[in-house]
Amino acid sequence: MMLRCPRASELISQGLDRRLWWVERLRLALHLLGCRSCARFGRAARWLHRELPRAEADDRLSPAARERLRRALSDAESRG
Amino acid sequence: MAQRTSAEERTRYPDLPEPASWVDRYGDALYRYALARLRTPHEAEETVQEALLAALQARGTFRGRSHPRTWLIGILKHKVLERMRQAGRRPGPDVDDLHRWFDGRGKWRRPPAGWDDPAALAERDEFWAVVRRCLAKLPEKMSEAFLQRTLDGRPPREVCNDLRISAGNLWVLLHRARLRMVRCLEVNWFEGGNGR
Numbered sequence: 254m255m256l257r258c259p260r261a262s263e264l265i266s267q268g269l270d271r272r273l274w275w276v277e278r279l280r281l282a283l284h285l286l287g288c289r290s291c292a293r294f295g296r297a298a299r300w301l302h303r304e305l306p307r308a309e310a311d312d313r314l315s316p317a318a319r320e321r322l323r324r325a326l327s328d329a330e331s332r333g
Numbered sequence: 055m056a057q058r059t060s061a062e063e064r065t066r067y068p069d070l071p072e073p074a075s076w077v078d079r080y081g082d083a084l085y086r087y088a089l090a091r092l093r094t095p096h097e098a099e100e101t102v103q104e105a106l107l108a109a110l111q112a113r114g115t116f117r118g119r120s121h122p123r124t125w126l127i128g129i130l131k132h133k134v135l136e137r138m139r140q141a142g143r144r145p146g147p148d149v150d151d152l153h154r155w156f157d158g159r160g161k162w163r164r165p166p167a168g169w170d171d172p173a174a175l176a177e178r179d180e181f182w183a184v185v186r187r188c189l190a191k192l193p194e195k196m197s198e199a200f201l202q203r204t205l206d207g208r209p210p211r212e213v214c215n216d217l218r219i220s221a222g223n224l225w226v227l228l229h230r231a232r233l234r235m236v237r238c239l240e241v242n243w244f245e246g247g248n249g250r
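Line order of the protein sequences matches chains A and B.
Be aware that the first sequence starts at 254, since it is given in our numbering, and climbs by one per residue.
Be aware that the second sequence starts at 55, since it is given in our numbering, and climbs by one per residue.
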């Protein structure tokens, strides 16, 4: 039976979290031959999976924020 | 027996350092955790502060059963959840019905568009701001699964243990999270005219 888009998109997603069975890979590959929408979803999902960690790579406390936090802590500590 | 266990555990993890050093040691890790889950740097900083002050109060309860960083993140986790609830982010629904995305014949209701040259996206700072807004819209459990798996790069089994869900549940959560993220980025980036 031909794979349809809902299941195909599930397999695309699961392929990022586990190794698909060869039957699943074959059926998915056949579906993708004829379905540009799922192929596009696959490209997007894989890209997100790979690149998302970059979204936070530069996230650091600013020096000002760091200072505010330090002061809040030491104030609270001295109050007991 | 209980005593021996705790002694063993104490040798494995460092003691809780002096509060004065917390910001330098763990500040960035805490901030990253909060920022990924909340909307703005301001909110993230406030929540980190709440967590640090709560940790100060509770430091007598630190038993060395986990790494100090993990202990602090655990406190932060509660503060972040409180804030999400105040902001009206509901815990559920965990899972979207597939009909949200596909029609009765199994066709995409709105086929994915854009994504022809995703590599170019990463160079744009504004794109990451949109990513963050889209992440902030995910429902709580879906968001946590997706962040742990993708942002933190944790293996699926660890995420399952942490969230107490089966592998099957995790796959469904991640699938829906990816559908939502792809769609949200399309609406807010490509269709917003930024993609070209």
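I should point out that these hints are in silico values taken from the structure, not numbers from a laboratory.
Please read these numbers as outputs of a predicted model, since none were measured by experiment.
Where hints are given, some of them may not hold.
[What the hints assert, rightly or not] Stretch-level coverage of chain B by chain A, calculated; a stretch enters the list once three of its residues show a Cβ under 8 Å from a Cβ in chain A:
hint	region
1	106-115
2	131-142
3	182-188
[Claimed, not checked] Beta-carbon label-pair distances, calculated as ranges:
hint	chain 1	residue 1	chain 2	residue 2	range
4	A	Arg321	B	Arg159	54 to 60 Å
5	B	Asp69	A	Glu304	22 to 28 Å
6	A	Arg321	B	Arg119	35 to 41 Å
7	A	Glu320	B	Val241	26 to 32 Å
8	B	Arg178	A	Glu320	47 to 53 Å
9	A	Arg332	B	Val241	30 to 36 Å
Where is the CB? At the ideal position from N, CA and C, for every residue including glycine.
A quick look at each hint next to the structure:
{"no.": "1", "hint": "106-115", "result": "holds (count 3)"}
{"no.": "2", "hint": "131-142", "result": "violated (count 0)"}
{"no.": "3", "hint": "182-188", "result": "holds (count 3)"}
{"no.": "4", "hint": "A:Arg321 - B:Arg159: 54 to 60 Å", "result": "holds, 56 Å"}
{"no.": "5", "hint": "B:Asp69 - A:Glu304: 22 to 28 Å", "result": "violated, 38 Å"}
{"no.": "6", "hint": "A:Arg321 - B:Arg119: 35 to 41 Å", "result": "violated, 31 Å"}
{"no.": "7", "hint": "A:Glu320 - B:Val241: 26 to 32 Å", "result": "violated, 39 Å"}
{"no.": "8", "hint": "B:Arg178 - A:Glu320: 47 to 53 Å", "result": "violated, 31 Å"}
{"no.": "9", "hint": "A:Arg332 - B:Val241: 30 to 36 Å", "result": "violated, 48 Å"}
Taken one by one, the earlier hints fail for this structure at numbers 2, 5, 6, 7, 8, 9, listed in ascending order.
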